[in-house]
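Q: Each chain, written out:
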Amino acid sequence: MSLLVDGREITLDKDGFLVDLADWNEAVAEALADREELALEADHWEILRLLREFYAEFQLSPATRPLIKYTALKLGAEKGNSLHLNRLFKGTPAKLAAKLAGLPKPSNCL
Amino acid sequence: MARSMLIISRQSPWAGPSAREALDIVLAGGAFELPLGLLFLDDGVFQLVGSQRAASVEQKDLTANLQALPLFGVDALFAARRSLAERNLDESSLALSVEVLDDAGLSALINRYDHVITI
Amino acid sequence: MATLHLLSHTPFGDSRFSSCLPLLADSDALLLTGDATYALTAGTQPAAELERLPEQVAVFALDEDVQARALSALPARVQLLDYAGFVELTCRYQRVNSWL
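Residue numbers (my numbering), protein chains in the order written: chain B, 1 to 110; chain F, 1001 to 1119; chain V, 2001 to 2100.
Misleading hints may appear alongside valid ones.
[Stated by the list, open to error] Computed, partial: chain F to chain V, Cβ under 10 angstroms:
#1 L1106
#2 S1107
#3 I1110
These are calculated hints, taken from the structure and not from any lab test. As the structure is a prediction and not an experimental result, all values here were calculated from the model. We put the CB at the ideal spot given by N, CA and C, even for glycine.
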């Protein structure tokens, strides 16, 4: 599977995650979101940036609960709750947001 | 009430997949809110040394992963005093906040959990 | 709330045996299988360490593994088990810690 972004071919795995994490940029995130029929707004970007910080710090993709905790820690309880994150990312925030943020698929996400 | 489990990790980060497997069990269990503990024993305490450079042997950074444990709901982290002392590791300069236990403390710890897995 | 510690690796050149012994509480027990039964070899350091365990700590070994290795002059405190005894033993303790 692949994705064409600004004339560049981006390879995806069978679940739509980036094969090479270095391929990520904001245009790629937009294209990935298009495939999921999701329009990225400021609230989404805030979480995507947060996920990239999480990955830089811990070298892994968070499962749902750690994602909620980390969001609450960094952005406050109003955003660090399952309601907010589920609403933004179609009920599967850990999986979908990791995909759009260019992170590996969360290994604990069954 | 979920059954509690203690995972005993006794291999260094560089001795094959054991340390990572132990951590994966803990992270997966933590994500499901199981009451888990993680004990670093024997060479497992080498996982707690800071400033290790996984990239120099083209591996992933286990120490960075360990820092995520509290976010995964795993706060019961322990290390064996004897193992640290044998390896001349200073309890106060570990990369992760752990409770350091002597032999009697470890016996009691093991006997507090419903299940124990040593890896 | 006692634990049965199960060892199956040799005590010679592997750290599981020496690492396990200090963790045994008085109510705990040790079961030796496979190459771990070499710890029963008379006149060796591991056999001496077994003798030094608190006497409340029960020490078991799988008989067929002992026989296969022609081990004799076993420490008096060792109780030999067949597989049925092994299974019964694992049920008698609250948890089993296998030193994989």
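Q: Would the stated hint for I1110 of chain F survive a check requiring a Cβ distance to chain V of less than 10 angstroms?
A: Holds, because the Cβ-Cβ distance from I1110 of chain F to chain V comes to roughly 5 angstroms (cut-off 10 angstroms).
Q: Just to be careful: measuring from the Cβ of L1106 of chain F to every Cβ in chain V, is the smallest value less than 10 angstroms?
A: Holds. Min distance 5 angstroms.
Q: The hint names S1107 of chain F as touching chain V; please verify it with the least Cβ-Cβ distance against 10 angstroms.
A: Constraint on S1107 of chain F satisfied, holds at 4 angstroms.
Figure legend: structure checked against the earlier numbered hints; every hint is met.
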